[in-house]
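Following the hints, put chain B in place on chain A, whose structure we already have.
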Amino acid sequence: MGYYSLLTTCAFIHLLVFMPYAYSNYLENKAGQFFSSGHTNNWAVLVSLNKLGFWFNYRHVANTLSVYRSVKRLGIPDSHIVLMLADDMACNYRNPKPATVFSHKNMELNVYGDDVEVDYRGYEVTVENFLRVLTGRLPPSTPRSKRLLSDDRSNILIYLTGHGGNGFLKFQDSEEISNMELADAFEQMWQKRRYNELLFIIDTCQGASMYERFYSPNLMALASSQVGEDSLSHQPDLAIGVHLMDKYTFYLLEFLEEVHPASQANMNDLFKVCPQSQCVSTPGHRTDLFQRNPGSVLITDFFGSVRKVEITKDTINLTSSVKPPIQRSGSSDMTIESLTYVDQLPVAEIIHQKPKQKDWHPPDGFILGLWTLILLVFFQTYGIKHLKHIF
Amino acid sequence: PHPGTRDQFQEELVIRPLHSGDIYASFQFRTLWDTDFLQERQKKVSHYRLFPKSLGQVLSKFSVRELHISFTQGFWRTMQWGQPFIPSPPGAELWVWFHHTVSDVDGNWKELTNVLSGIFCASLNFIDMTNTVQPSASFKPLGLGNATDHRFLRYATLPREIVCTENLTPWKKLLPCGSKAGLAVLMKSEKLFHSSFHSQAVHIRPICQDEQCTSKAWELRQTLNVVFDHYTSGQGKKEWSLFKMFSRTLTEACPLASSSKVYVDITDNPELFELSPATHLLSRAVVLGDRRTYSVYDLTRAETFGQLRSFNLLLRWKGDNMLRPLLHAERYVAGFGLQTGEIHTVIYNNHPYRAFPVLLMDSVPWYLQLYVHTLTVTSKSRDNKPSYIHYQPAKDRHRPHLLEMLIQLPPHSMTEVTVQFERALLKWTEYTPDPNHGFYVGSSVVSALVPSMVAMSTNFTQDQPLFSSFVPVKEESSYFVRVYTEPLLVNLPTPDFSMPYNVICLTCTVVAVGYGSFYNLLTRTFQVDEPSPPLAKRLANFIRRIRGVPLLA
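Chains A and B, in that order, are what the protein sequence lines are. Here the first sequence is numbered in our numbering, starting from 75 and rising by one per residue. Here the second sequence is numbered in our numbering, starting from 92 and rising by one per residue.
The following block holds chain A by itself, in its conformation from the complex (with noise of 0.2 Å):
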């Protein structure tokens, strides 16, 4: 019995003594857990393939528009947002709603709305830029928000709609690109350590032939419909005239209205969207160059940009403040004549303008002359009889 309560009093002190240890174990783990997760940032890549001045290709713009907007909503900021759009369709003169992109029938939800930025647009979407985008081989007087300045920390979700065939993507009904191309383009972005992983959604007429070439690592792939099957466009709508949407992408905007910044909704619940019964298509993906379980890949990973924040107690001393910059010295030394506006039409001095100075030329008979010489020093030094061959 004694020595019965000598076990337990020692197997509580041991667990007192140890228990702050495991405890701070664990909080280590955990802290090891917060600061080895995948990604720090978040980026996108949205393109719109529709062919250049066709009204009907309305759905496209709609498309790459309504996952804009959930990406918006979701926490990436503009200026990690790429967007393409190869047609303007909101200030189209065919739209009887300017500014406004809608996506269900009956206008209810405008994905264009009131703070959209594009950057690339019209003439600018070809495959050209496409890649150079991917790869970041851009020319060096590019605009930073023309840019995906992604890391290797970064999550980018690439988005694209548009037509397409078995193995190629039309971008604006003049240009392809081929999925061995962009197999190769994903490539160099993993050897250029240009992204940590890479969610490919695309939704064209047999999408899935895109991502058959895949082979670098930490890839997924979503497309709408499977090799031989067409994707579908969803409702009609009167006013506008056009189909809005595309079923597939329809689908999904209703999927993602349901996602917010702390939802746990994974990528097992994207690939449930869209089944065969409402797509009619056969929706599909790829997983296996993927490294962890799609299970436990939040939404959010790639759709938000949800920041991991670092709270710390301690305080921070901030360098003094900038000094104010040099006042003028006053108009001592200063020339004290005024300055004045420029004539905007001086009449009399326009006239008079002196002509631009001209290229220079030779002077006439310059050239006659040279030749002359050239033929006399010729018959000079090989005879006249040489003269009855010429003339």
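Hints listed in this document are in silico derivations from the structure and should not be mistaken for laboratory results. Think of the CB as a built atom: it goes at the ideal place given N, C-alpha and C, for glycine as much as any other residue. Just to be clear, a hint being listed does not mean it is correct.
With a straight-line Cα cutoff of 27 Å, these simulated BS3-like cross-link-like pairs (lysine-lysine) come out [what the hints assert, rightly or not]:
#1 Lys264(B) <-> Lys220(A)
#2 Lys518(B) <-> Lys244(A)
#3 Lys282(B) <-> Lys179(A)
Residues from chain B that keep clear of chain A, each with C-beta distances beyond 10 Å, as calculated [stated by the list, open to error]:
#4 Gly325
#5 Glu365
#6 Leu466
#7 Val468
#8 Phe617
Footprint (simulated), chain B over chain A, 3 or more residues, beta carbon under 8 Å [unchecked claim]:
#9 167-175
#10 214-225
#11 416-425
Coordinates of chain B only, in the frame set by chain A:
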């Protein structure tokens, strides 16, 4: 304004009812800052308050002396709407004066267009040497300065550029109050783009700080001009209010603004329309050569907003009024077929007895090859010789045509400038993805000093309303105006892009038939072969052989 800082911000809205029932609203936001971007005396500017940092950095980096950029949707109809306060051509227009210390103007220009395309979300990066010109007499600086060496001026226009919310969003973000307070709350894109004319612009230039003009300050003006059509936006009724135009009312002035006013043009009142709420504040200004009276609503005073803390103007039409602008221009393409054509520019001088000079600037892309020997200028069916012509021919794929002429317009006349051109055949890679739409030619610019009916004041005062102080006035009897013509849409001979398939089929057929036959002729040997006799003959020969009689041939 903050003591110690040297920047101030003013905002104003001018509403001018037009005789056809449409209404013209012009927003102007001005930030004045006494600083030195070009680092002539002080060290680098690093603290920005009201002036947007993105534009300030652009000015310092590229040593810009003056910058004017505008984005316009629609064409300004001078005959129906009169003259705008700030004119602009359809599409995008950019003209920049660089500082005289810049050594590589073209390089700076190219980089500047790229940076601006990122700031304004527009495809300004398509501005390159093939559509940039260097005017020799037009586009003199609107700001302070003595030297006007035109080597430092660059002008380009993109007539195809679309303006939509994505251009308005970054433009609004440049304002100190953004779109959250002040007059900018009225800028809702769904209403602004559902209009006959929409133009937003940014103008940066150095101006006089005070009357003596001993020091300069930088001025940033953001202007937005919009004309609402009373059929599409007004539902056919000649009655307008701020809520009907913008779907918003004003609730407060921008707290950072030193002045925030709304002006309504009541010169033609009370015959033309009725205005409420009434105000006793009036302002008289001479603008575009005419003395106009304006009702002023000062938003920095709380009583403007009334009981409901919301300010909504109401204008109700009563009659009609005709307008006759003094200067007006049109342009169109004549001719038929896809080989040649003729550009006609028509300029109207509607003044009954005064003649005045205009400077016409035309920039035509290289693929419309102008024949300058066919250039004719006729006024009242007589030849009118321009007193100054500057022509720079185009270089294929390198430089566009530039034609500048100073023409004296006789009173009450129509002057027609015609020039013939030939369309070039582009290389197949140079065609846009939609070549059958056509190719745009930028608007012509007509700059003129129009005689004014009223004497204008040449003094510069700080409290002049913004809309009347944009262009500096040098003499009292005339005012400077710029009129833009329509852009042209020209079809070039377009190849059939399905031809490669047809060509392959045709070539293969020709090669197979031609080469194949030739090969056979060369490598095959021919032997004479007796044809086998017909069945009847064979049977007859067989019988003959049996009989022992000679065979048939």
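Hint check:
A threshold of 27 Å between alpha carbons decides the hint, and for Lys264(B) with Lys220(A) the separation of about 18 Å falls inside it, so the pair holds. Distance restraint check for Lys518(B) and Lys244(A): the Cα-Cα separation of roughly 22 Å lies within the 27 Å cut-off, and the hinted pair is therefore satisfied. A distance of roughly 21 Å separates the Cα atoms of Lys282(B) and Lys179(A); the hinted pair therefore holds under the 27 Å criterion. Residue placement check: Gly325(B) keeps its beta carbon more than 10 Å from all beta carbons of chain A (closest about 15 Å).
The beta carbon of Glu365(B) is kept farther than 10 Å from every beta carbon of chain A, the shortest such distance being approximately 30 Å. Even its closest Cβ contact with chain A, about 17 Å, leaves Leu466(B) beyond 10 Å, as expected for a residue assigned away from the interface. Remark: the non-interface label on Val468(B) is consistent with the geometry, its nearest Cβ contact in chain A lying 16 Å away (cut-off 10 Å). Even its closest Cβ contact with chain A, about 49 Å, leaves Phe617(B) beyond 10 Å, as expected for a residue assigned away from the interface.
Residue count for the stretch 167-175 of chain A with a Cβ under 8 Å from a Cβ of chain B: 4. That meets the three needed, and the coverage hint holds. Here's how the stretch 214-225 of chain A fares: 6 of its residues keep a CB closer than 8 Å to some CB of chain B, so the rule of at least three is met and the hint holds. Only residues whose beta carbon comes within less than 8 Å of a beta carbon in chain B count, and the stretch 416-425 of chain A has 8; three or more means the coverage holds.
Comparing the model with each earlier hint shows no violations; every hint is respected.
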